[in-house]
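> Two chains, two separate frames, one set of hints: put the complex together.
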Amino acid sequence: MTGLLARAGATPVTAPHGLPRLIPAGAGADPGLAAHLARLGPPAHSPAGAAPQAGPAIIAAAQAAGLTGRGGAAFPVHRKLRAVAAAGRPGRAVAVANGAESEPASGKDRSLLWLAPHLVLDGLQLAAEAVAAGRAVLYVHRDPDLARHLADALAHRAAAGCDRIATEVVQAPDRFLAGETSALASRVSGGPARPGFAEPPVYERGIGGRPTLVHNAETLAHLALTGRFGPGWFRAAGLPGEPGSMLCTVHRADGAGHVTEAALGTALAALLPGLGGPGRGEVQAVLCGGYHGTWLDPAVAAGLTLSRASLREAGAAPGAGVLAELPASRCGLAETARVARYLALESAGQCGPCFNGLPRMAAALAELAAPRPAPRAEADLRRWAGLVGGRGACHHPDGFVRFVASALGVFRDEVAGHARGRCRATDRAPFLPVPAPPATEADWS
Amino acid sequence: MSARESADLWYASRATGVVALVLLTLVLVLGVAVNRQGRLPGLPRFAATSLHRSVALLAVTFVAVHVGTAIADPFVSIGIAAAVVPFVSPYQPFWLGVGAVSVDLMLALIVTSLLRTRIGRRAWRGVHWLAYACWPAAAAHSIASGTDLRHGWLLDLGAGCVAATAAALAWRRRRTLRDAPPAQRAGPVLAAETRRRAAGAP
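So the protein sequences, as listed, match chains Y and G.
According to numbering that gives the first Met the number 0, the first sequence holds residues 0 to 444 in order.
According to numbering that gives the first Met the number 0, the second sequence holds residues 0 to 201 in order.
Heads up, a few of these hints could be off.
[To be verified] In silico contact screen, one side only, chain G against chain Y (beta carbon under 8 angstroms); selected entries: (1) F45; (2) T48; (3) H51; (4) A182; (5) G186; (6) V188; (7) R196; (8) G199.
[What the hints assert, rightly or not] Listing some non-contacts, in silico: residues in chain Y with all C-beta distances to chain G over 10 angstroms: (9) G2; (10) A26; (11) E345.
[Claimed, not checked] Quick look at which bits of chain Y chain G covers, simulated, 3 or more residues with Cβ under 8 angstroms: (12) 195 to 201; (13) 337 to 344; (14) 350 to 362; (15) 382 to 391.
Since the hints were made in silico from the structure, they are not lab data.
Virtual Cβ for every residue (Gly too), placed ideally from N, Cα, C.
Bound-form chain G, shown alone (with noise of 0.2 angstroms):
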């Protein structure tokens, strides 16, 4: 293999690592936006749930290019085991196996969300918690192992992940959910959407 097309793998493993974390950011102020019942400008509430599931796909792509081009990166030994076994590698055990964890629980909660129906929703609410650690294991193997997130722009954008993170933990902590009785819901989601569409409103 040419140093050249070492040097590809190594920038496409930053890149995708760098547009991973984003998404990750993204997936989880969906979550607590589905979680905590929030509308997002110009979707139906049920909407939001689509498209935390859609960008969770795009997410863990990123994060399968991600892993596959540090793996198959011969400028630093990172080893295939090291993907998913935390603290093997012998580059960066402590960090890169932080990342190892971070992906380990992005599968337990891929596998309990395609099985949902099977396992029941307290067993998947139960393992989707681990949403909470997943994303600053992630979020910290990007600040740590890489150097990239530390300097310029891309340090405003590591530091924009961690605020919006912030700002959805806060608003969920704050924000009530309406817990009105099952055969209680239809009716008012009738109501306004009657209201809304009288008022000619978008």
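Bound conformation, chain Y alone (with noise of 0.2 angstroms):
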């Protein structure tokens, strides 16, 4: 195996053209390392044995390619690699690929870890390089068969001498917050995956207290990419405020899902068949950014794209890229009171406005959910939203308050439906995923 690395250098590769980039079209299975090297070329970081190299071009080139991240928030990659490079003297770092995605309705991150997980490990020894990071950790739910298929990924690479630093994987309990990133600190440094306060900054002190950066692991793929072919392949695509390309995890009325990637840019209509086309009809709302994020209604969606630019006009935002229609045959309002009832008890339990009011809220959806209720259960709803928006040390409140909210706007039809005793579903199997609530305190470790 020692040779693979020797071999991918002395063969020319072409940069990959179009999409997709991450994930080969038509990838069953992971190819393995082998083909993975004979695809894209030798990885852009130092090899076992090698001297690492200077931080500042890598980050440079992060800041050029315009590379945001895609765990949901957007932010810059070369402003979080360079707070993390300043913030320790070299080697003291700690480098997480974060790929405990906790969205239940999303999958790309597990698909990316099953179907090309060298890439990811890839950009995770590129970024550890970048800030000088003395340990990588790549962080993903509790899952015995991913453990051990990344477990064999990270042999086959050790015998190939890929990787500088050694990767540890360390496994998250299944909870909707434990892929934040102060509970992922939280949980590598061995206690439970639960969120802390926002200060200090984990880039500052996070695991063992030392500086840490954590990277969703769909943008480590990335990294790796522009790494080998250069920030302009990677503006070849998506738009030039957002460039590249994103995973998108897409849920159609019919019930039939898929992971595919999509660039920045790209029309929603395009990836969602009911909002034009054949479908059209079939779909009564659009729910955009997963489960803290928001309800559109079809006719404003099938004028937007995937970026922020665009669903911006309309409240959105692409968030983790979860775009689940919903199919004119269920009741919105009851899918959001499942979806808020989940939510709510995955409160971590320590901020009172979220323990308190989350629940009461979800109580109030479902009373309103249900034929003629009480006429001030809309009212209580918006109330304790404005009390609960904002508060907590996690953004866990201000999500369920958007994603509830947003329920309210593209649903009052059915809201006043619901008052008169009419309810428009005809169908009342759940169609958004809900795993099971947590149960025990063991739960959060």
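Right, dumping it as structure tokens:
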């Protein structure tokens, strides 16, 4: 295997043209390290035993590419890299690939780790090199099969001498907030996967008190490609202001779901068949950005594109790329109430406004989703939304309030119908995926 | 400055002082309610925190006017420094000094509360204990440095403030916290609220 890297360096590789970039089209399984190197050439990071490259060059390339985080917040990658690089002496920082996507409706990081783990691991090594990290961690949800798959991938890399520093895999509990940056830092430090206060920030004092770089797994995959083929190649897809592509998890009204890679600026109608073409009329609303995201009216969504600038007009954001069509046969309030109940029970139970406010709002929403709710249910929801928004240590209450408030807007006809005892639903089967709520304290570690 | 204006300032200082004492009592009672997870009629539990903050802001405003008018009033000479430096006022050095101590403690409480997310919960909590020194200082200053609270209905008001604080502290000692583990806190709230709604309770 040691010859793998040398062979990859000897064979010229052409940069992938068009999309998809991250997961090769038609890939049903991880093709392995040899095929990965044959497709994309040698990684941009230094191999085992080599002296590390200068971090500033890697950071400058990320800045020139305009790469932003793909975990939901779209924070500029170069700024995070620079902050961690400046926070401590070389070798002290920890670099983490965050593959613990908490969103039940999202499957993109899981797909990426199953089908192209080496791209994520390349990116993690490059990011670690950029900030002179002494430790690299891959953080994923608890899943024995995936853990075995990643251990195999890491063993192949070690045998081929791919990586300068070893990567350890840390598993997170299956909690909605476990992937939040401060929860991640707490979990990898040996504590429960619960969010903490944002000060001091994780990039200054994170895992074990060290400066910690946390990037979403997909972000690192993009970084690995940008390192190989350059910022110009990265910018060939997407918009000038929001370059590149992103993975989207699309849920169609017919129940089918898939992960797809789309350039920033792609029309939502091109990703969601229900917004135009034959599926038209089957969709009553679109959920954009997942369970901390925003419900959109299909007529509005049809005029928008996959970009922060466009979605902002409708009060939405791409988030981590979850796009879900709600079929006409379902009750939007019932779906929202089910998800709200799940989110409320996923409160980490640390901040009063969250563990007192969210369950109350969920109960009021459940009443609103039933026939003939008390007239004050909607007023209660709006009043409590104002009291809960902006409170707490993490952004769980904010995301919850955004999600619920958008439902009250988009499903206002349904709210009026329920008041008269009428509901549009012809199918009461749950549509949006919602896992079982936490049962015990042990579920958090 | 005419004698008429002077009397206005003197009355304003006394009146805002009395109102500030009532508001500070309310802040303390609300703070105890927040700390012990108490319910206020007609308010969800987490709204008590907002009310505690809002009334505290109002109380501080009254204290500021009270101190400002007392200093500006030429009837007695107090001096600007005496507002925050204890025991330097030429007029009633001791009891005005006690008031200045209470103002200083208030400033510490405000600054640490504004920086709460930066200094961490433990440091904030430690400083917030000073509230139990701040109120007695303010009350002692109110009763001893003025004569208003010693007669008539203002005496009843002052006694009411002391009684309310004593009752809140007694309740605080008796009330035990329901310390469910964090993961089991949202569930019971959801169940209770669902029951309350099903029963059609207000």
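> Confirm or reject each hint.
A quick look at each hint next to the structure:
1. Against a cut-off of 8 angstroms between C-beta atoms, the interface hint on G:F45 holds, since the closest Cβ of chain Y lies about 5 angstroms away.
2. A distance limit of 8 angstroms between C-beta atoms decides the matter here; for G:T48 the minimum to chain Y is near 7 angstroms, and the interface restraint holds.
3. Hint status for G:H51 relative to chain Y: violated, with the closest Cβ pair at about 12 angstroms, above 8 angstroms.
4. A hinted interface residue such as G:A182 counts as satisfied when its beta carbon comes closer than 8 angstroms to some beta carbon of chain Y; here the least separation is about 5 angstroms, so the hint holds.
5. Satisfaction of the interface hint for G:G186 is found here, the shortest Cβ-Cβ separation to chain Y being roughly 6 angstroms, below the 8 angstroms cut-off.
6. Look at G:V188: its Cβ gets to within about 4 angstroms of chain Y, closer than 8 angstroms, so that hint holds up.
7. The beta carbon of G:R196 is positioned within 8 angstroms of a beta carbon in chain Y (closest approach about 5 angstroms), and the interface hint is therefore held.
8. Annotation: interface hint on G:G199 holds; nearest CB of chain Y at approximately 7 angstroms, less than 8 angstroms.
9. Here Y:G2 stays apart from chain G, with its beta-carbon at least about 51 angstroms from theirs, past the 10 angstroms limit.
10. Separation of Y:A26 from chain G is adequate, the least Cβ-Cβ distance of about 38 angstroms exceeding the 10 angstroms criterion.
11. A cut-off of 10 angstroms between C-beta atoms contradicts the statement that Y:E345 is not in contact with chain G; the least separation is 8 angstroms.
12. Chain G is given as covering the region 195 to 201 of chain Y, and this holds because 3 residues of the stretch bring a CB closer than 8 angstroms to a CB of that chain, at least three being needed.
13. Coverage of the region 337 to 344 of chain Y by chain G holds [criterion: at least 3 residues with CB-CB distance below 8 angstroms; count 3].
14. A stretch counts as covered by a chain when three or more of its residues have a beta carbon under 8 angstroms from one of that chain; for the region 350 to 362 of chain Y and chain G the count is 11, and the coverage holds.
15. Counting residues of the region 382 to 391 of chain Y whose CB lies closer than 8 angstroms to any CB of chain G gives 4, so the stated coverage by that chain holds, three being the minimum.
Checked against the numbered hints given earlier, this structure breaks hints 3, 11; the rest are met.
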